[in-house]
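**Student:** For reference, the chains in residue letters:
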Amino acid sequence: MKKVGAWFKKQNAYFLVGLVMTGLAVMLGILSFFWTPFSTTAMSAAERFHGPSLRHLFGTDNFGRDIFSRVMQGIGTTVIVSSLIVVISAGAGILIGAITGYFGGILDEIIMRITDAINAFPSILLALVVISILGSGKQNVIFSLGIVFAPSYVRIVRSEFIRLRDADFVCRARLMGVKKLRILFVHILPNIWSVFWVSVTIGFNNAILAESGMSYLGIGVQPPDASLGKMLSDAQGYLGRAPWYALAPGLTIVWIVLGFSLLSEGIRRKEAGKR
Amino acid sequence: MKKKFSITLMALLLVAALGGCAGGKSSGNESSTAPDATQGSQASVSGQGTEDPNGNKDSKYGGKVVVGVQQDIDSLDPHKATAAGTKEILFNIFEGLLKVNENGSLICAVASDYSVSEDGLTYTFTLRDNVKFHNGANVTAEDVKYSLERASGLLDGTVLVASLATLKSVDVIDEHTVQVTTGSANLELIYSFTTAIIPKGSGEAEGSNPIGTGPFSFVSYKPQEGLVVKKNPDYWQEGLPYLDEVNFKIVSGADSALLELKGHSIDLYSYLTDSQAAELANDYQILAAPSDALQAMFLNNAVAPFDNVKVRQAVCYAMDRDLANEFVTGGNGAIISAPMLPTLKDYYVDLNGTYGSGANIEKAKQLLAEAGYPNGIEFSLIVPSNYEAHVQTAEVLADQMQAAGINCKIELVEWNTWLEDVYKGRNYQASICAITSDMTPSYLMVRFQSDHKKNFINFSSAEYDEVYKKAEASMNLQEKANFYKQAEEIFVKEAGTAFIQDPPITIALNKNLAGYKFYPIYVQDMSTVYFNK
Amino acid sequence: MEYYIAEGDSIRRAGMKYLVKKIVTLIMTLFLVSVLAFLAFQIIPGDVVTSILGTEATPEREEALRKELGLDKPPVVRYFRWAGNVLKGDFGESYRYSKNMNQMMPVAELIGDKLPVTLLLAAISMVLIAVIAIPLGVLWARTKNRFLDVVMNMGSQTAMAIPSFFLGVLVTYLFGILLKWFSPGGYVSYRENFWGCVRYLIFPAISVAIPKIAMTARFLRNSMLTESGSDYVRTAYSKGASERRVAYGHVLRNAMMPVVTFLGMIVAEIVAGSIVVEQVFSLPGIGKLLISSISTRDFPVVEILILYITFVVIVVYFLVDVLYRVIDPRISNK
Chain A
153 MKKVGAWFKK
163 QNAYFLVGLV
173 MTGLAVMLGI
183 LSFFWTPFST
193 TAMSAAERFH
203 GPSLRHLFGT
213 DNFGRDIFSR
223 VMQGIGTTVI
233 VSSLIVVISA
243 GAGILIGAIT
253 GYFGGILDEI
263 IMRITDAINA
273 FPSILLALVV
283 ISILGSGKQN
293 VIFSLGIVFA
303 PSYVRIVRSE
313 FIRLRDADFV
323 CRARLMGVKK
333 LRILFVHILP
343 NIWSVFWVSV
353 TIGFNNAILA
363 ESGMSYLGIG
373 VQPPDASLGK
383 MLSDAQGYLG
393 RAPWYALAPG
403 LTIVWIVLGF
413 SLLSEGIRRK
423 EAGKR
Chain B
36 MKKKFSITLM
46 ALLLVAALGG
56 CAGGKSSGNE
66 SSTAPDATQG
76 SQASVSGQGT
86 EDPNGNKDSK
96 YGGKVVVGVQ
106 QDIDSLDPHK
116 ATAAGTKEIL
126 FNIFEGLLKV
136 NENGSLICAV
146 ASDYSVSEDG
156 LTYTFTLRDN
166 VKFHNGANVT
176 AEDVKYSLER
186 ASGLLDGTVL
196 VASLATLKSV
206 DVIDEHTVQV
216 TTGSANLELI
226 YSFTTAIIPK
236 GSGEAEGSNP
246 IGTGPFSFVS
256 YKPQEGLVVK
266 KNPDYWQEGL
276 PYLDEVNFKI
286 VSGADSALLE
296 LKGHSIDLYS
306 YLTDSQAAEL
316 ANDYQILAAP
326 SDALQAMFLN
336 NAVAPFDNVK
346 VRQAVCYAMD
356 RDLANEFVTG
366 GNGAIISAPM
376 LPTLKDYYVD
386 LNGTYGSGAN
396 IEKAKQLLAE
406 AGYPNGIEFS
416 LIVPSNYEAH
426 VQTAEVLADQ
436 MQAAGINCKI
446 ELVEWNTWLE
456 DVYKGRNYQA
466 SICAITSDMT
476 PSYLMVRFQS
486 DHKKNFINFS
496 SAEYDEVYKK
506 AEASMNLQEK
516 ANFYKQAEEI
526 FVKEAGTAFI
536 QDPPITIALN
546 KNLAGYKFYP
556 IYVQDMSTVY
566 FNK
Chain C
152 MEYYIAEGDS
162 IRRAGMKYLV
172 KKIVTLIMTL
182 FLVSVLAFLA
192 FQIIPGDVVT
202 SILGTEATPE
212 REEALRKELG
222 LDKPPVVRYF
232 RWAGNVLKGD
242 FGESYRYSKN
252 MNQMMPVAEL
262 IGDKLPVTLL
272 LAAISMVLIA
282 VIAIPLGVLW
292 ARTKNRFLDV
302 VMNMGSQTAM
312 AIPSFFLGVL
322 VTYLFGILLK
332 WFSPGGYVSY
342 RENFWGCVRY
352 LIFPAISVAI
362 PKIAMTARFL
372 RNSMLTESGS
382 DYVRTAYSKG
392 ASERRVAYGH
402 VLRNAMMPVV
412 TFLGMIVAEI
422 VAGSIVVEQV
432 FSLPGIGKLL
442 ISSISTRDFP
452 VVEILILYIT
462 FVVIVVYFLV
472 DVLYRVIDPR
482 ISNK
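Residue numbers (the working numbering), protein chains in the order written: chain A, 153 to 427; chain B, 36 to 568; chain C, 152 to 485.
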């Protein structure tokens with residue numbers, strides 16, 4: 153216990169608040185895989201459009217479904233989908249960015265042009281292409297957004313590798329005959345972690361916003377599975393009658409994204425304090 | 036010998052209004068001798084929907100109205116336009132020799148009278164005097180000949196209006212008379228003479244704007260913004276239209292339509308969902324009528340598990356149509372079980388008793404077990420994502436049918452993907468969608484013949500094919516109706532598809548507007564709409 | 152979709168060589184993007200002919216239209232024919248939108264008609280961002296009040312956390328439905344009533360601007376704090392300059408430089424089409440045109456729009472880069 157207390161004391165407020173916010177959301181999301189207060193799909197004609205109450209914390213929707221349960225499930229979906237998007241895009245970013253940044257040359261040129269092209273390409277069209285090849289559903293949202301976000305990591309990692317490739321410790325390693333792959337991933341990579349982690353937390357937020365945006369446009373997670381973006385788009389039609397229906401998923405997205413932003417701010421300040 | 040065939044034709048097949056031809060004005064009164072199929076549906080229209088357009092005139096005239104429409108225009112050419120959303124607008128600009136009125140009957144428009152030869156192969160139209168195009172020119176027999184030849188493909192070989200493909204020739208008899216000869220007799224062909232009459236040559240003339248004879252003339256069109264029309268002062272129906280200008284404004288979706296209605300940016304909007312209507316009830320007149328579409332869970336008869344008739348029947352039994360109606364359309368829909376609209380009364384046989392309108396879970400389970408699926412079935416249910424009502428129906432039914440061991444995995448697709456994969460490619464298991472109607476029974480039923488191009492459910496029944504062919508060929512209306520009814524029974528017995536309902540169409544109308552008429556086809560007739568104040 | 156500023160991505164060679172290289176890069180990227188878009192249209196389902204003619208057309212008519220649109224030719228031929236026309240300045244005609252009875256809308260005319268809406272939205276948004284974010288950023292940098300700092304920090308973080316579609320809905324609900332300051336969907340065309348159009352665009356511009364204001368203010372504050380720590384500021388203080396003078400005269404001027412480049416990137420992003428905001432507010436701009444053209448498979452329109460967006464993004468980045476070099480010669484020496 154003492155250890156935990158000491159650890160907490162070392163953290164700054166941003167980090168702690170962010171941790172609590174994201175922690176709460178993630179826990180609710182994980183909990184939803186095992187238990188929700190009500191079924192997320194069961195409809196009830198008698199309980200349509202009930203406002204928030206003790207029975208239904210966030211009220212009920214147009215089918216009489218419990219919004220709190222659906223938000224819980226939506227968080228679960230969103231968090232998992234976004235994590236995987238980050239894993240794919242950041243993984244690809246490290247691999248491609250490290251190689252192109254370190255070696256440069258014609259390969260670098262080609263890959264940079266392709267990432268430019270992907271960057272400039274409307275993400276919705278890209279998503280449509282991937283989804284039409286693989287069919288709709290969660291895994292393809294993950295895959296297509298993974299591609300969309302990879303270039304931003306490539307750029308960051310690449311510029312860090314360009315910065316470090318002529319650093320003294322790298323030159324020394326090279327002179328000592330260390331294998332290239334080892335230089336890349338054992339010598340240089342650990343030196344870019346702090347920059348990398350900040351971009352991961354920001355990337356996580358972009359992934360959440362993009363996933364909910366896609367679901368909002370109807371090409372993301374499919375009903376009756378709950379997704380925060382899809383819920384929000386469904387709810388838009390009932391703004392006057394049941395504002396809580398739109399506010400619940402909307403504010404939940406804000407909550408999660410804000411949590412991660414604070415977390416990233418906390419990490420950044422901690423790193424800045426170290427230097 | 037030529038007989039005035041049109042009297043029986045109109046009275047029996049088309050339900051009403053030969054008198055309309057003589058008088059030139061549409062009115063429900065004159066159809067009182069014939070049983071009016073759509074009258075029942077009109078009763079559900081609340082408020083001032085269908086008042087006589089005569090009366091206190093001065094105060095009614097003038098004003099501009101903004102009508103929200105869901106789809107952009109697909110063509111400004113009335114013969115080439117295919118989207119229902121375009122036709123509903125062009126109805127105000129263009130007219131055919133004949134025109135559909137609010138009862139679904141044909142009335143004379145550019146023609147003042149017509150007759151059909153006894154063998155059903157020759158149609159003779161007398162043109163109305165002094166009908167003017169929007170450019171001021173009088174409509175001549177040459178214009179009519181040109182328009183019909185263009186639409187039917189006689190002009191350049193490309194058939195633009197498919198139902199006119201059987202035309203053999205269009206001849207100008209004299210200045211006021213045009214004779215049309217067709218290759219095969221078909222009682223339903225008369226409906227195709229609603230095809231727009233346009234000035235000779237205007238279809239090919241470089242850069243020409245749409246010119247017709249309708250109550251409103253074309254002013255401008257901007258993609259994604261809308262189409263504006265203004266009053267045609269020379270309109271042949273005296274006293275019409277009332278409004279000076281109508282702006283058909285394209286709204287991007289049901290949600291933004293609701294916001295625009297709340298902000299009073301639009302005066303009239305159709306296709307509201309039930310809960311949207313409830314939200315607008317204080318600010319607008321809410322009117323409802325049947326939409327005359329067949330909504331169904333279409334089952335692909337050629338793929339497992341729906342290649343087994345027992346599975347299809349199980350779905351029909353398990354489906355709680357009442358629940359879908361209650362949840363999605365506020366209980367205002369008409370439950371259907373057969374591929375025919377209740378509003379086409381002469382051809383409709385009520386088969387709702389076959390599977391019941393509620394859910395019969397036990398019977399469904401039993402049938403599934405008999406079919407070799409004791410543990411139930413799972414399939415993907417494809418729904419076009421742009422139709423909110425279908426998506427909601429899918430959600431309700433998917434949840435409800437689980438009780439019978441019928442598990443649907445909903446998959447939302449874009450409309451164009453739906454067209455290619457489901458409709459053309461027939462590469463699907465089940466899909467919720469709707470077939471719209473054009474007031475002819477054949478339009479709904481022709482598609483279920485085994486080898487028909489539009490048979491996207493792969494329904495296959497030799498018995499149905501045979502009976503349908505008889506219905507199509509029959510020149511006796513009573514007999515024809517009976518064959519159609521027989522075909523419906525066969526289809527329902529085979530559970531070709533699980534029909535749900537004829538969903539209601541719900542519109543919001545500015546409280547100061549009156550005179551709006553519902554049509555049994557997809558049109559927005561603005562000619563009779565006027566401001567109260 | 153540019154989320155990061157490529158800081159370390161400095162260009163080593165200067166002058167003409169740099170310019171030539173940039174232009175070659177631009178052309179290569181445009182070519183790649185056009186090929187990608189073309190391929191995308193080969194892959195996504197949905198036949199444009201069916202999309203246009205609906206379900207009732209005869210096969211002959213479908214065939215005739217396919218021929219008319221040149222879709223009967225193999226893809227490679229079609230691509231190069233299209234590319235050749237574009238190079239000649241002929242952007243083709245929309246498959247979908249009519250100009251009149253028998254002519255389709257030329258793509259150039261269609262985009263030319265929609266672009267002013269997007270540009271106007273971008274201009275208003277930029278004014279809002281500049282007018283609000285810069286004072287806010289300065290205030291934030293100069294405040295010694297810890298509480299105010301935390302409030303600003305939380306406020307900007309929250310503003311950046313709101314998804315654009317949710318923000319659009321909130322603005323519509325608050326200003327449109329509750330306060331009735333504007334009527335949602337009551338967009339008036341700039342051709343008819345320019346100031347009416349501007350008035351309406353203020354509200355979508357607010358939705359576009361809020362997160363960008365937060366980002367810009369934050370960026371300016373950080374930039375100012377970095378500058379305040381630098382040598383010349385200390386020199387200025389030691390010479391006895393007042394704090395105000397230092398803050399506005401030296402620090403702000405130097406701190407604005409990176410902010411200007413940051414604003415440049417925001418311009419690129421907005422000019423490239425605020426897809427979601429245009430959708431929510433029913434604005435007939437190019438973002439909305441892109442979405443509807445994708446869904447109707449209107450290839451000529453989508454292809455040109457994508458090229459336009461790519462072009463704008465790359466050129467603005469390029470200009471920002473050049474501007475940076477002109478103002479701050481240190482960069483080329485790096």
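Source of the hints: derived by calculation from the structure; they are not laboratory data.
Keep in mind it's a predicted model, so treat the numbers as computed, not measured.
Certain hints may be false.
Unchecked claim - 20 Å max Cα-Cα, derived SDA-like pairs, lysine to any residue:
#1 Lys422/A <-> Val301/C
#2 Lys266/B <-> Ser94/B
#3 Lys295/C <-> Leu403/C
#4 Lys235/B <-> Gly188/B
#5 Lys173/C <-> Asp260/A
#6 Lys172/C <-> Glu261/A
#7 Lys459/B <-> Val200/C
#8 Lys257/B <-> Asn251/C
#9 Lys331/C <-> Asp318/B
#10 Lys250/C <-> Leu386/B
#11 Lys345/B <-> Asp318/B
#12 Lys489/B <-> Gly205/C
#13 Lys459/B <-> Glu207/C
**Student:** Confirm or reject each hint.
**Tutor:** Hints and how they fare:
With a C-alpha separation of about 17 Å, the suggested pair Lys422/A and Val301/C falls inside the 20 Å cut-off, and the hint holds. Restraint check: the Cα-Cα separation between Lys266/B and Ser94/B comes to about 16 Å, which is no more than 20 Å; the hinted pair holds. Restraint check for Lys295/C and Leu403/C: the C-alpha separation of about 17 Å stays at or below 20 Å, so the hint holds. With a CA separation close to 15 Å, the supplied pair Lys235/B and Gly188/B stays within the 20 Å bound.
Between the alpha carbons of Lys173/C and Asp260/A the distance comes to roughly 15 Å, so the proposed pair stays at or under 20 Å and holds. Our distance criterion of 20 Å between C-alpha atoms is met by Lys172/C and Glu261/A, whose separation comes to about 11 Å. Restraint check for Lys459/B and Val200/C: the C-alpha separation of about 12 Å stays at or below 20 Å, so the hint holds. Restraint check for Lys257/B and Asn251/C: satisfied, since their Cα atoms lie roughly 10 Å apart, inside the 20 Å limit.
Under the criterion of a C-alpha separation no larger than 20 Å, the hint pairing Lys331/C with Asp318/B is consistent with the structure, at around 15 Å. A hinted pair counts as satisfied when its Cα atoms are at most 20 Å apart, and Lys250/C with Leu386/B does not qualify at roughly 48 Å. Our distance criterion of 20 Å between C-alpha atoms is broken by Lys345/B and Asp318/B, whose separation comes to about 49 Å. Annotation: proposed proximity of Lys489/B to Gly205/C holds, straight-line Cα distance about 12 Å (limit 20 Å).
A C-alpha spacing of about 11 Å is found between Lys459/B and Glu207/C, which places the hinted pair at or below 20 Å, so the restraint holds.
The structure fails hints 10 and 11 (numbered hints given earlier, in ascending order).
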